[in-house]
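*Asks:* Going down the list, the protein sequences come from chains A and B. First residue of the first sequence? That's 0 in numbering that gives the first Met the number 0, and the numbers climb one at a time after it. First residue of the second sequence? That's 0 in numbering that gives the first Met the number 0, and the numbers climb one at a time after it.
No lab work stands behind these hints, which were simulated from the structure alone. Note that the coordinates shown come from a computational prediction; the quantities given were computed from them, not determined experimentally. Worth double-checking, as some hints may not be accurate.
Distance windows between CB atoms, simulated [what the hints assert, rightly or not]:
hint, chain 1, residue 1, chain 2, residue 2, range
1, B, E224, A, P234, 21 to 31 angstroms
2, A, E188, B, K228, 48 to 58 angstroms
3, B, T282, A, S35, 25 to 35 angstroms
4, B, D231, A, F187, 33 to 43 angstroms
5, B, E188, A, Q55, 56 to 66 angstroms
6, A, S171, B, H287, 17 to 27 angstroms
7, A, K128, B, E224, 33 to 43 angstroms
8, A, Y181, B, T70, 45 to 55 angstroms
9, A, H186, B, T70, 47 to 57 angstroms
10, B, A329, A, P53, 36 to 46 angstroms
11, A, Y37, B, H287, 18 to 28 angstroms
12, A, F104, B, K35, 47 to 57 angstroms
Where a beta carbon is used, it is the ideal one built from N, C-alpha and C, also for glycine.
What follows is each chain in one-letter form.
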Amino acid sequence: MRNKLPLLDILAPAPGAPRQEDPALFEYTLPAEITSIYPLTAAEKLYQIRLIDPGQRERFTFKPGQFVMLELPGIGEAPFSISSSPVRRGEIELCIRAVGKLTNFLARLERGARVGISGPFGTSFPLEKMQGQDLLLIGGGLGIVPLRSPLLSILENRSSYGRVDIMYGAKSPAELLFTNQYEEWRHFEINLGITVDRADKSWQGRTGLITELLQERLSQTASLRDNTYAIVCGPPVMFHFVCKMLTEAGLPMQKMFVSLERRMHCGRGKCCRCNIGSTYTCLDGPVFDYWSVLNLKEAI
Amino acid sequence: MIFKVFKKQELARLHELLAGNLIVGPVARGKDRNGKPIYDFEVISDFAELALDYTQTVHSPKRFVLPYRETLATFALNADGWEKQVDLNVRQPLVFFGMHACDINALNKLDLVLAKSTYPNPYYLGKRKTLFILGISCNPEPQCFCRSMGTDFASHGFDLFLTDLGGKYFAEILSAPAFNLLSQLSCQEPSAKDHRRYKQIANEKSRRYTAAVDISDLTKILDLEFASKAWDYWGEKCLSCGTCANVCPTCYCYGVEEQVGLDLRQAGKTRALHSCNLIDFATVAGGHNFRPTSASRLKYRYYHKHRGFVEAFEEPLCVGCGRCGTACLAEITPPAVIASVRGKE
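Okay, chain B solo, but in the shape it has when bound (with noise of 0.2 angstroms):
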């Protein structure tokens, strides 16, 4: 890896290298009941929209390469049949400006299932190669757990990591293309100063964490405690809403509904995410439901994250960034449901 340094004032002179492209970054979207600004993920035009000091977004990054809603194919149909056309919906590179750690190690995590496992999935891979990613460095909230879940520092799937070191930025730099725009600002090699500045801010950041999960060994705890009265608990809060997926950055379940067009010439295929929590997830044709209780699909969804994924690709489904608690109206937190199922309420 190779590392620069640069004064902060040049971030303005990178974001005007980059503005030739569709650029999302984190935006303030108003305040929340307790006064605290409300940040997400917008499509920006100008440097000054952007708020790189923003605790977390509400949603995910994840809707600019796996959409909430994507048309799959198109069928134009005829007396004799029909013909099928597929567009994997890739328009334009997109410029990430300022991407936290967890949501970097989220992607890398979506990779393994989407991208680098049997049948890669065209319409996410296509999207995620042509992202050029700027990851900015974070303060631990309340809510975060992402150190839990050692992905509270990024080493890979971005192309430019900064870390803001007071007056300038500590660059990361892992890609060509960001090598070249960073010798276009005013940059330096980093002094050993900078060097003990940057373990420094890193070694706050590690001290600063109030929120933790205790995953060792979770993958066999959870197998002890598949009949654990703890899901029942936690299942009887659950609203069966669906709101953790539709937040968390790994979630990527979905369901597939094709349309006829009015004019019963063409026909579609559209994909919808969906949640393992909404009651039809595993309902079969004739009406059975494998999942029919709230506490058995809460189980399932710790089950995929923390077991099942550990099993296929040897790490948890989860990166630590606390939204799906965040946003659940039923106060339902992993680290307190873990907590309890290891049976240290």
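Next comes chain A alone, as it looks inside the complex (with noise of 0.2 angstroms):
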């Protein structure tokens, strides 16, 4: 007599124990539409996307500071900070610099292509504990895009802070994103602060690195100890010198945010490319207080 072994079906219900998270949901698509494309630079585009089914459109929700993977089959698949409010259920935007293979392509399609969306996933920023508190938005680069979706967040309940200032640098005014936008973030008496490493003929703004603009903002308080929150995205190496100048400036530092860029193939902590230490950028992060990042070598 052979034994054979019974084949067991992973994907039906345990018995006596409900499944806490479905296995069958670990490999999912969401189909989506690009519904509008809107170039912001001569890379960056501006992508608002929709969920094709309504009632995946209703559970759709999000936090400020989230990420999705966005998926073209047989393209590949990468992961993206949402860059707009969470108001709207199943509707996310999300810009997007041509850069990679995936991102090249996604550049060529058109109003109407149909995309894979899973997600979202990651930490988010805290915002219900900001409320009545002034905000340093620091942004540097494609910074400014994950921070697009807590400051539009604040604009919908811009009440509820203190004094909020964005501070923003991009290399040169070609490469500034949402510039169609400034004005209405002033509308919501938002400090908008612009710098630029390198003016072309045409600007008038300032010239020169975040960190001057961030000094000038700082030499207005006295200490940023206990009514400031700040959220900082950028290149590595802004992360250092502003993290620093916010630290000396008396802000402490579980109430100092960064989102941090990895590179990722799954974006539910099984792949380990986005690790730091152990610690996976997809399910710990993107968005860290700057405690996490001065307790994990090598994140910033």
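Combine both chains into one complex, guided by the hints.
*Replies:* Written out as structure tokens, the structure is:
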């Protein structure tokens, strides 16, 4: 007599104990449609994306700071910060620079194209804790992209927050993102400071490093200890200088948040490509407080 | 745990009882340049193929639960969009006939991150849950430091574990299928003498280790020595070839690629195991590489295994099998690397 072992159907519910996480949800893609495309610069476009299934649209919610995996079947899949406000369910905006295989392919798509979305994944900015406080949103280059989602949430609830400053630096005026929205932001009593590394002939604004903008802002306040939160997002070198300045200005580490970028192949804490030690940028981040970042070697 | 003993010749009968399933076991695959046999895990069809007195296989058993390449999904492309089909690639139960304690413990460690964490990986889980594992005792080889890692014995993660007592096997039974199987053999309850012999063999095994790693307080020491010159020393030697991850029973990092069929009507999504020592591991679009030097990548491998994983799961992601050191062309071994970082060269 030969004993043939039974094949377990792992997708069948386990007897007695309901599953906490459905394994069938590991590899899924929600069909979505690109509803609008706004070119922002020569390299970046803002894509409005809407889930196709009304039920999925209704269930899809996210918090500012979280990201989605965007998939083009046969081309690839990559993580992108959500740039829009969470108010519209099942609709997101992604600001994407054409820089790799997937993003260059995406740049050639037109309105109505089908893409796949999974998520949202990762941690978010604790906006509820930030209420009643002054806010510093500091972005360098594409770092403005993950800042836009918390910013729009703040604008929707402007009276709940104190003074709000945005400090934004780009390499050149041609690379500034969301230029058509600055007036609207200012309309909501947002102090918007913009600086570029290299001016062109038409540039009327500031030239210089973002740290100079920050220095000016810091000189207006004695200490950031009691009533300020900061969100910092930009290239690795910017984190070093900006976070150091904020710390010296008295801002407690647990009130300073950064959003980190890493390579990701799953978004679900399995591929290890985004690991910093064994901390997964996809699960434990991308939003970290400054204490967590300092505690992780090689984070910034 | 329930224990039994049975005569050695009964083992062929045990194999016979399981032979309706796909059986994987250690087989001899020729000799190395020093004349020592090379072993690997293969699907076997005959009990005589099994080399149960094997020293160590070149590759770990992970490929049977975590294939090097695996199709995650296929897409049928059409004018309106696409339809995604997911197949977990769980085909049939697999019997592992003769797995050492280190490899059993390696699967237990993979379970922590792939099965018992947020977003359990169903491709792994499906294959893992349909494994029947028959473990077998081993003798320490010069490269083995499993005793240092606390993985020299397996306390769970198998169905049946056999220890060679001489003329008979001492069987530890951990599952109902294993119990039912043994009830079809001629088994006895172990005597007091068998208990003594089992403990004696375990003690002898413990005395025979020559390699060791001091992991006490290692998470802290790794943080202290983040800027140590030792990393540059080993980084200089490292070929960034990824062989260590390839043979490692616990390395599970991967990359995902997608392909479009030539007829443009279908597409596929494939997972391929990667290695954190390969140069592009942490390179993001646009070209920034978070770990551009081989020293930073080698260091990261040790940080993940001996610091990060400990922080997340209270145990290191290493079972001390020593395969990485044996396979490494640059002769980099964990005992040497960790000793040098600790300043104990």
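*Asks:* Which of the numbered hints are not met once you compare them with the structure shown?
*Replies:* Hints 4, 10 contradicted; others consistent.
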